[in-house]
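*Asks:* Protein chains in written order, with the numbering used here: chain A, 1 to 331; chain B, 1001 to 1266.
Hints were generated in silico from the structure; no laboratory data involved.
Just so it is clear, the structure is predicted and the values come from calculations on it, not from any experiment.
Hints are supplied without guarantee of correctness; some may be wrong.
[What the hints assert, rightly or not] What follows is a list of derived Cβ distance ranges for each label pair:
hint : chain 1 : residue 1 : chain 2 : residue 2 : range
1    : A       : A243      : B       : A1240     : 30 to 36 Å
2    : A       : G294      : B       : P1121     : 51 to 57 Å
3    : A       : S155      : B       : N1120     : 38 to 44 Å
4    : A       : R135      : B       : A1059     : 33 to 39 Å
5    : B       : G1200     : A       : K307      : 23 to 29 Å
6    : A       : K307      : B       : N1120     : 51 to 57 Å
7    : A       : A243      : B       : E1028     : 31 to 37 Å
8    : A       : P303      : B       : K1198     : 51 to 57 Å
9    : A       : E305      : B       : E1085     : 37 to 43 Å
[What the hints assert, rightly or not] Coverage of chain B stretches by chain A, computed from C-beta distances (three or more under 8 Å per stretch; other residues unrestricted):
hint : segment
10   : 1061-1073
11   : 1180-1187
12   : 1246-1252
[As the list claims (entries may be wrong)] Result set (DSS-like, lysine-lysine): computed pairs, CA atoms no more than 30 Å apart in a straight line:
hint : chain 1 : residue 1 : chain 2 : residue 2
13   : B       : K1260     : A       : K307
14   : B       : K1075     : B       : K1061
15   : A       : K190      : B       : K1260
16   : A       : K190      : A       : K134
17   : B       : K1248     : A       : K173
18   : A       : K173      : A       : K190
19   : A       : K194      : A       : K134
20   : B       : K1061     : A       : K194
21   : B       : K1260     : B       : K1198
22   : A       : K173      : A       : K134
23   : B       : K1075     : B       : K1017
24   : B       : K1075     : B       : K1167
25   : B       : K1061     : B       : K1081
26   : A       : K190      : B       : K1248
27   : B       : K1017     : B       : K1248
28   : A       : K194      : A       : K173
29   : B       : K1081     : A       : K194
30   : A       : K23       : A       : K299
31   : B       : K1198     : B       : K1248
32   : B       : K1198     : A       : K190
33   : B       : K1248     : B       : K1260
Backbone N, C-alpha and C define an ideal beta-carbon position, used for all residues, glycine too.
These are the residues of each chain, in order.
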Amino acid sequence: MSEAMETAVLELRHVGKVFDAGKSTQFRAVHDVSLTVRRGECLGIVGESGCGKSTLARMITRLTDVSEGEVLLCGRDISALRGRALRNAYRDVQMVFQDPYSVFSPRTSVGTFLEDGLVYHGILRRREARQEAKRLMELVELPDELLDRFPHQLSGGQLQRVVIARAVSTRPKLVLLDEATSALDVSVQKQILKLLVELQRLYGLTYVLIGHDLAVVRTIAGRIAVMYAGAVVEELDAAELEAAMHPYTRMLLNSVFSIHDRGRKIIDLEEMRVSHGHGGAEGCPYRERCMFAGPVCAKRRPPLEEKRTGHSVACHNIRAVRVNEGQTGND
Amino acid sequence: MEILTVENYSITYDGVKNAVDRVSLRVEEGEIVSIVGESGSGKSTLLHGILGLLPRSAAAKGAVRVLGRALAEMKPAELRKLRGEEVAMIFQDTGRYMNPTSRIGAQFRQYLRCHGDYSNPECDAQALDLLRRVHLADAERVLRSYPFELSGGMRQRVGIAMAMALKPRLLLADEPTSALDVTVQAQIVRQMIDLREKYGTTIILVTHNMGVAAYMSDRVGVMRGGALVELGPTERVIHAPRDEYTRKLLGAVIELDDEKMAVVAV
């Protein structure tokens, strides 16, 4: 374990985010999240809208303040940095968002966009930056004629490549990919994922990939953390995804449509109850939607516990889930 | 019975390129047909054309016949009757087509009264019934809510309930699950299949999600650059695609059991 500690690029210790919602009420968007990402690793964070995954990402990149806990980047707590120290820390953590058009100023050319990052962080002077921008374009397999173009003249896929080029240009320690391929067409999506994997190999980059599509996350993530209502409910190796134990993860898996699913998958509406509560402060946040919820689930929040090596689950009723899966498997 | 016939149908914007390019499609009553394709392939424009919802800048050529009647020859009053009573449409974000300042219940009343002579209590009773059919748990509360008070998935179900209010024979669904979470998507898919089972509703689904299309449709059509490049029974299109582009598109779909792209560094 100590070896893992030494090489951890990112370590989250009991990180939480509390928003003020009205005069005397508070909303806890992220609840006690502890995660470790080692160098060269890709951690996938999956969950549905409103589960807190993007808020978590924004805390790691310090785009929003950290309410509770510590965010350690290569062993150094960045959760309380201000001013110049924070600015320097930004260089080490880069982020790629879902919609590349929202990242650009419509009046900034692609070349200037790439140069700005390098100049801002004092890596190169403006004059040298153009040459580096050309190299970066080559890296993400774009022709360098595009350097003089403006965002609206590029396709979404091309633009996302430019964003990725800028993200890696500062040689960051960590790159956060927040639904980075979700807005792209399927054929483009796969190309971008391949590019990300290629860059990871080339530079030994460390990724945190945030997404809602389990299939996409699984293809490039080594480990996967599943979030529900602000908390991590399961963490496991991506290769072990089929062995997921938490009822929520099971339901997510069951919601993915494969092109070979015709007539095979059964969608049970009763199983997919919709609830909008975060379950209150006490008890399991998932209990209102959970078909296995018992009395204990309302009383105590299940802790995230390691059930097998490298596989942690926060659920009181794993045995019940397993029995049920066994039954449906025999049908 | 043939419920929809599209013949050599093209749509041009400002006389430039064909957004829809000589598409022909026949749909039988009770069928579920999916049209898949990437953004800009014209799949959504085609669907809008079928219901006569194109902007003024668009020019359509060719023929669309709904229930044997040519769309181009219909008078506004006839079109109004057709929409809702015979053909209904749901959109990617149905909430955007609702009135933000009016409660769901009031919008149901307005919708029903456009098409028939109903009293308020009759409208409410029917709305409650419809909302329960789409498995909305707290139907009374939903009726009293404004659109912004509901989640995207709930609004989409309200949209489906409203679309089904007059038991249309044809439902046009334009990316109805694309903005939704995967678990909610599964529910909406199930509900559309239920509609066909219970009422024999014909459904034309436009989607970019190949998995959803494969799961729920009898036939799948693939569009590219405005043209319908392939159309056939789902099994055949998925397992033995004839068109090169269909093959490419299917190859790009990322599946849960795909091989990993990356080996994790140790």
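*Asks:* Determine for every hint whether it applies to the structure shown.
*Replies:* Evaluation of the provided hints:
no.: 1; hint: A243(A) - A1240(B): 30 to 36 Å; in the structure: 33 Å, holds
no.: 2; hint: G294(A) - P1121(B): 51 to 57 Å; in the structure: 42 Å, violated
no.: 3; hint: S155(A) - N1120(B): 38 to 44 Å; in the structure: 51 Å, violated
no.: 4; hint: R135(A) - A1059(B): 33 to 39 Å; in the structure: 47 Å, violated
no.: 5; hint: G1200(B) - K307(A): 23 to 29 Å; in the structure: 48 Å, violated
no.: 6; hint: K307(A) - N1120(B): 51 to 57 Å; in the structure: 56 Å, holds
no.: 7; hint: A243(A) - E1028(B): 31 to 37 Å; in the structure: 44 Å, violated
no.: 8; hint: P303(A) - K1198(B): 51 to 57 Å; in the structure: 45 Å, violated
no.: 9; hint: E305(A) - E1085(B): 37 to 43 Å; in the structure: 57 Å, violated
no.: 10; hint: 1061-1073; in the structure: violated (count 0)
no.: 11; hint: 1180-1187; in the structure: holds (count 7)
no.: 12; hint: 1246-1252; in the structure: holds (count 4)
no.: 13; hint: K1260(B) - K307(A); in the structure: 25 Å, holds
no.: 14; hint: K1075(B) - K1061(B); in the structure: 18 Å, holds
no.: 15; hint: K190(A) - K1260(B); in the structure: 12 Å, holds
no.: 16; hint: K190(A) - K134(A); in the structure: 24 Å, holds
no.: 17; hint: K1248(B) - K173(A); in the structure: 35 Å, violated
no.: 18; hint: K173(A) - K190(A); in the structure: 24 Å, holds
no.: 19; hint: K194(A) - K134(A); in the structure: 21 Å, holds
no.: 20; hint: K1061(B) - K194(A); in the structure: 42 Å, violated
no.: 21; hint: K1260(B) - K1198(B); in the structure: 41 Å, violated
no.: 22; hint: K173(A) - K134(A); in the structure: 22 Å, holds
no.: 23; hint: K1075(B) - K1017(B); in the structure: 28 Å, holds
no.: 24; hint: K1075(B) - K1167(B); in the structure: 22 Å, holds
no.: 25; hint: K1061(B) - K1081(B); in the structure: 23 Å, holds
no.: 26; hint: K190(A) - K1248(B); in the structure: 11 Å, holds
no.: 27; hint: K1017(B) - K1248(B); in the structure: 24 Å, holds
no.: 28; hint: K194(A) - K173(A); in the structure: 20 Å, holds
no.: 29; hint: K1081(B) - K194(A); in the structure: 51 Å, violated
no.: 30; hint: K23(A) - K299(A); in the structure: 28 Å, holds
no.: 31; hint: K1198(B) - K1248(B); in the structure: 36 Å, violated
no.: 32; hint: K1198(B) - K190(A); in the structure: 39 Å, violated
no.: 33; hint: K1248(B) - K1260(B); in the structure: 19 Å, holds
Figure legend: structure checked against the earlier numbered hints; hints not met, in rising order: 2, 3, 4, 5, 7, 8, 9, 10, 17, 20, 21, 29, 31, 32.
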